[in-house]
Amino acid sequence: MTSQVDQSEAVDGPDGERRTGPASPRSGPQGAAGRPAKPIRRLDRVIIRFAGDSGDGMQLTGDRFTSETAAFGNDLSTLPNFPAEIRAPAGTLPGVSSFQLHFADHDILTPGDAPDVLVAMNPAALKANLPDLPAGAEIIVNTDEFTKRALAKVGYAADPLADGSLEAFRLHPVPLTTLTLEALKDSGLARKDAERAKNMFALGLLSWMYHRPTHGTELFLRQKFAKKPQIAEANVAAFRAGWNFGETTEDFAVSYEVPPAKLPAGTYRNISGNLALSYGLVAAGERSGLPVFLGSYPITPASDILHELSRHKNFGVRTFQAEDEIAGIGAALGAAFGGALGVTTTSGPGVALKSETIGLAVSLELPLLVVDIQRGGPSTGLPTKTEQADLLQAMFGRNGEAPVPIVAPATPAECFDAALDAARIALTYRTPVFLLSDGYLANGSEPWRIPEVDELPDLRVEFATEPNGADGSFRPYQRDPHTLARPWAVPGTPGLEHRIGGIEKQDGTGNISYDPANHDFMVRTRQAKVDGIEVPDAEVDDPSGEARVLVLGWGSTYGPITAAVRRVRADGGRVAQAHLRHLNPFPANLGAVLRRYERVIVPEMNLGQLALLLRAKYLVDAQSYNQVRGLPFKAAQLADVLHAAIGTLDAEETR
Amino acid sequence: MTDFPALRLVPRADGPQSAKDFKTDQEVRWCPGCGDYAILAAVQSFMPELGIRRENTVFVSGIGCSSRFPYYMNTYGMHSIHGRAPAIATGLAASRPDLSVWVVTGDGDALSIGGNHLIHALRRNVNLKILLFNNRIYGLTKGQYSPTSEVGKITKSTPMGSLDAPFNPLSLAIGAEASFVARTIDSDRQHLQSVLRAAAQHEGTALVEIYQNCNIFNDGAFEVLKEPGTRDEALIRLEHGQPILAGADRHVVRGADGELRIAPRSEGEAVVHDAHAASPTTAFALTRLAEADALHHTPIGVLRDVRRDVYDTQMADQLALAEEQRGRGELGALLAGPSTWTVSD
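Protein sequences appear in the order of chains A and B.
If you read the first sequence in full-length UniProt numbering, its first letter stands for residue 1, the second for the next number, and so on.
If you read the second sequence in full-length UniProt numbering, its first letter stands for residue 1, the second for the next number, and so on.
Keep in mind the hints are simulated off the structure, nothing from the lab.
The reader is advised that the hints may include incorrect statements.
[Stated by the list, open to error] Listed below are several chain B residues computed to face chain A (Cβ distance under 10 Å; list not exhaustive):
1) Ile81
2) Thr90
3) Leu92
4) His191
5) Thr342
Quick reminder that beta carbons are idealized off the backbone N, C-alpha and C, glycines included.
Could you put together the complete structure from these sequences and hints?
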């Protein structure tokens, strides 16, 4: 399933049926008809990386190519990668923004290790991305930007397009800016404005190369620039010019076809992790019958959830942009006291600020969702890059014994289910719940089989309506014997007036209590409540049934780990895989699973946080494999690690 | 009967209530002689006047002596964390327009650790009534100076005198765009309740500063405003539409430079108090009249009470408008989005 481009079936020669020009449903923009068709080569998967300046519109270009690819029906996975600065100095290495897309005719798991095609809009983009390219990769460069000054800015002593240093690659030098300006010479736009459409020229060219449907992009451009029709038409014209350039120029001798993937039956859309998570929150509100209240403070890479939820007021969703992180969670907790589904969204530094309020929520035993889109840390760290280093903060980052359940989605689309699952736990057990996503899941996207609404879990809750004490009093801390949840009595309910707070409270009555035995009991009970949360058993994938090595991951490492496992198995290696969605509590069978294997490998984008928990709880020699580069693991890299682990065991046996 | 437009969405009580209905079975644990007792009694006997259901009333507090208040009110209540009560109450009030939400806080809670939340609640104009008990000292932590303590205050943490210039809470509130600003005194129940009444009538955030005596760590801080021999001279009792008088023979006039000052009655014309003035200028000037340390010429009563859009009402209006324009959200349609493809078996 992971064959390389050059191993794939190549279909040479013209394919008249598919290349009949603009009228065909898969054909490009108008104007390309009537030329001799070029050969088409069939591939099973392709990895493309668009790279340019932060201001070159690479994220938009990547998004559009992704949408075209989704509409075409390929499986796909994306990796946007951009600096924290909005407009870093032009033409510099730190200012390079890129978007990688992996698409295939089969199910894929990662945005790909190494690009088959690099589009480099300037020397900085070439220099920054060249080390990732395998020999034989195609490089499309905008030659207009390869000026002496621009080359010098990034430390090129000689022009790499001319000095032979790119011999190992298939280089396509294209004067993208000149061609775009030429295409728009009658548009009436000033040169500066016309130049800005060069990303659409590049998109058009790539769309031609890979037979992407173009209708959606033209529609998108006309909608995006609805108020500036001149700009809209200029972008469409540049996009078409790019397509036609591919069709006509000698330099691009072949185009490629990646047939649609055979995914399980259903209706699909492309979705990013943050969008899926937002929809999960809206769905949790609908399925629980509770109004959603989001209290949030803008922070990368979580802000998109605030933006998205604020668009859905007609679902009764209230969004509150607070004065700070603390007020964001405070307002959400206040709303939860009033009977709302309280949510706060943030990233690691925001979690640090919210810690005290999370502790209060633990003590108040009110439902609350704390969404942490992890990014590189510590401190401000790498705001736009991914990391998994908030696990221990989520687990322990509070004063006192303050257990909080933790749910972590594995893929962008799974953010939807994880949000519903987190809501289930919060509402059932009356507790704050951590939802740990990360920057890679948040911004990455993949096809999502759209669920039927009535397939979604029923999250309805019952508020307390009657006194529960033998004497007719209301006892806010009298628990459900099964879940240990306390009653949720919301203001407005007569007879259930009560006061709760952060001071230790007496079991049952909730009155202030400093009694030693009561405190010991309450601390243990709060822990027991979280320990007793029902989570599904960990599932182990071990097709041979004879694996001696288990690879265990959590969160967004699912894609690269699974891709690595496939590679190892394709090479004849035996490896078992399990992936945790629930980090607190762990699945009940996890200890038994871990003990079944001679070696447990735990890849994490931190310095071994899950491994630490596993070692502490189960006394197993879980071995970490760690990376904190702000980027996801590569499948090849993890495959090497697994091969090595299997090899070591085999070697020990031989000895 | 007083009309409370700010409570029009709160269900009415079935019958008359008494102060006793608002008392809990919890033993009150403030120090004997604390000014908080008087405030609690005044609030408990005031609440029935609102005529709303007790279960639709919520008291939210932060941390500090005053913040124990909710435990003694037989309503819904939350004793939260230090400084955060305005934020928590904002979420509650913004999502439940059928509640009457009160915040009880102190000078340390509201102006030091929670200063940010206070100013933002005021600027948003959420339907909250904030009772700020100002005793100019930290009580619960046993006597450190507070952000309203006078410069040079000798406390456990400032043996050579405090260096910080204090906040003037009402100046701060007006600077933060507060739509209702008032001051009263713990020991003057009648005045305190008149201010509570005005605050409850106000639509939006009301900030009520209550001078409160801490008899353990800062005893007598407001004595000059309470002693029968000095109070009439020291206090300026503000009444909307009435000339602003200061003691028996002086009044407040506007000087040639536009500043307010105290002058003998024979000099100039008294400024007539206009709590509803659109401009905050005069209200701000009133907050600056008192001498910071001696408290002479301290205005009490409602300094400012203006109408401004209320945050929670507007938030509810936006939800209603969204539904009116787009129809009630339909989850299936949302999840499907505009662009899908189908894979068949």
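Hints not upheld, ascending by number: Per hint list: single violation, 4.
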